[in-house]
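Trainee: Could you build the full structure based on these sequences and the hints that come with them?
Protein chains: 2
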Amino acid sequence: MSESTPQPTPQDRLDRFRKSIDNLDAALVHLLAERFTLTLAVGRLKAEVGLPPADKSREAYQIERLRRLSDESGLDPAIAEEFLGLIIKHVIRSHEQLQGAGVADPEKGTAQA
Amino acid sequence: MSESTPQPTPQDRLDRFRKSIDNLDAALVHLLAERFTLTLAVGRLKAEVGLPPADKSREAYQIERLRRLSDESGLDPAIAEEFLGLIIKHVIRSHEQLQGAGVADPEKGTAQA
Chain A
0 MSESTPQPTP QDRLDRFRKS IDNLDAALVH LLAERFTLTL AVGRLKAEVG
50 LPPADKSREA YQIERLRRLS DESGLDPAIA EEFLGLIIKH VIRSHEQLQG
100 AGVADPEKGT AQA
Chain B
0 MSESTPQPTP QDRLDRFRKS IDNLDAALVH LLAERFTLTL AVGRLKAEVG
50 LPPADKSREA YQIERLRRLS DESGLDPAIA EEFLGLIIKH VIRSHEQLQG
100 AGVADPEKGT AQA
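As given, the protein sequences belong to chains A and B, one line each in that order. The first sequence begins at 0 in numbering that gives the first Met the number 0 and counts up by one. The second sequence begins at 0 in numbering that gives the first Met the number 0 and counts up by one.
Among the hints, a few may not be true.
Unchecked claim - Only pairs whose alpha carbons sit at most 20 Å apart, straight line, appear in this in silico SDA-like list of lysine to any residue:
{"hint": "1", "chain 1": "A", "residue 1": "88", "chain 2": "B", "residue 2": "33"}
{"hint": "2", "chain 1": "B", "residue 1": "18", "chain 2": "A", "residue 2": "67"}
{"hint": "3", "chain 1": "B", "residue 1": "55", "chain 2": "A", "residue 2": "30"}
{"hint": "4", "chain 1": "A", "residue 1": "18", "chain 2": "B", "residue 2": "33"}
{"hint": "5", "chain 1": "B", "residue 1": "55", "chain 2": "B", "residue 2": "30"}
{"hint": "6", "chain 1": "B", "residue 1": "18", "chain 2": "A", "residue 2": "43"}
{"hint": "7", "chain 1": "B", "residue 1": "88", "chain 2": "B", "residue 2": "18"}
{"hint": "8", "chain 1": "B", "residue 1": "18", "chain 2": "A", "residue 2": "13"}
{"hint": "9", "chain 1": "B", "residue 1": "18", "chain 2": "A", "residue 2": "18"}
{"hint": "10", "chain 1": "B", "residue 1": "18", "chain 2": "A", "residue 2": "32"}
{"hint": "11", "chain 1": "B", "residue 1": "18", "chain 2": "A", "residue 2": "30"}
{"hint": "12", "chain 1": "B", "residue 1": "55", "chain 2": "A", "residue 2": "88"}
{"hint": "13", "chain 1": "A", "residue 1": "88", "chain 2": "A", "residue 2": "32"}
Derived by calculation from the structure, the hints in this document are not laboratory data. Since the structure is predicted, the reported quantities are computational estimates derived from the model, not experimental observations.
Mentor: In C-alpha cells, the structure reads:
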C-alpha cells in the first residue's frame, strides 16, 4: 500500500459498513414483503379449495431446507432458528386469518394449528 | 384465454407459489448471513477502537428507516416489528460478545446494553 494513500479513519470504515448494512436491510424488507405476498396467495388458494392452513409435511421440508441453507450460508444458528420461527408463525397466522375470515368453503376441510 | 389452454390445477398453482417462496427464502437466508457478517465486522471495529456496542442514535435511525421501508413495501407491520426486534437483538448480542471476548481495549470505553 502506498504511503500517500490516506488510511480510512475508524469512522470512515464504520460508515462504509453501515451503508452496506442499510442496503442489505432494505433488500431484506422488500424480499420479506414479497414472500408474505406469496404466503397470502397460498392462503387464499388453500381457503378457496378447502385445504387446511397448516401442512406439516411442507413445514418439515421448509425447516430442514432453511436449516441447511443457513448452515451453508454461515448464518448464526440462533438467528436462523429465530428467523425460521418468525416465518412459520406468520405463515400459519396468515392462513388461519383467511380461513377465519370465511374465505374457505365451510363444507371442506378443517383448520389445523 | 384459449379454450385449448389447460387450466392449472390448484395443486399446480400451489406448487408454483411454493417454488417462488422457496427461492425468496433462500435469498433471505443468504442476505441475513451477509448482513450479520457485516454486523460482526462493525462489532470488531467498535471493539478495536473502544466504541460501545450499542449506539442509540444509530438504532433510532435504523428503526425509523426500517419502519418506513416496511410500510412502502407493504410488509405486514406485525412481521416488520418482529423482524426489526430480531435484527436489533442479535446485533447488540454480537457486539457485546465481541467486547466480552476481550477484543476491546480495556482502557477505552464501556459497553452499553
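Trainee: Each hint: holds or not?
Mentor: Checked hints:
Between residue 88 of chain A and residue 33 of chain B, the direct Cα distance comes to roughly 24 Å. Violation of the 20 Å bound is thereby established for this hinted pair. The suggested pairing of residue 18 of chain B with residue 67 of chain A holds, with an alpha-carbon distance near 17 Å, which does not exceed 20 Å. Distance check on the hinted pair: residue 55 of chain B and residue 30 of chain A sit about 27 Å apart at the alpha-carbon level, beyond 20 Å; violated. Proximity of residue 18 of chain A to residue 33 of chain B is assessed by CA-CA distance (about 13 Å); at most 20 Å being required, the pair is judged to hold.
As the CA atoms of residue 55 of chain B and residue 30 of chain B are separated by approximately 24 Å, the hinted pair breaks the 20 Å bound. Between residue 18 of chain B and residue 43 of chain A the alpha-carbon distance is near 17 Å, which keeps this suggested pair within the 20 Å criterion. For the given pair, residue 88 of chain B sits about 31 Å from residue 18 of chain B by alpha-carbon distance, which is inconsistent with the 20 Å threshold. For the given pair, residue 18 of chain B sits about 38 Å from residue 13 of chain A by alpha-carbon distance, which is inconsistent with the 20 Å threshold.
For the hint linking residue 18 of chain B to residue 18 of chain A, the alpha-carbon distance of about 32 Å lies beyond 20 Å, and the restraint is violated. Between residue 18 of chain B and residue 32 of chain A the alpha-carbon distance is near 16 Å, which keeps this suggested pair within the 20 Å criterion. At most 20 Å may separate the alpha-carbon atoms for a hinted pair to count; residue 18 of chain B and residue 30 of chain A meet this at roughly 15 Å. Restraint check for residue 55 of chain B and residue 88 of chain A: the C-alpha separation of about 29 Å exceeds 20 Å, so the hint is violated.
Restraint check: the Cα-Cα separation between residue 88 of chain A and residue 32 of chain A comes to about 15 Å, which is no more than 20 Å; the hinted pair holds.
In terms of the numbered hints stated before, the structure departs from hints 1, 3, 5, 7, 8, 9 and 12, listed from lowest to highest.
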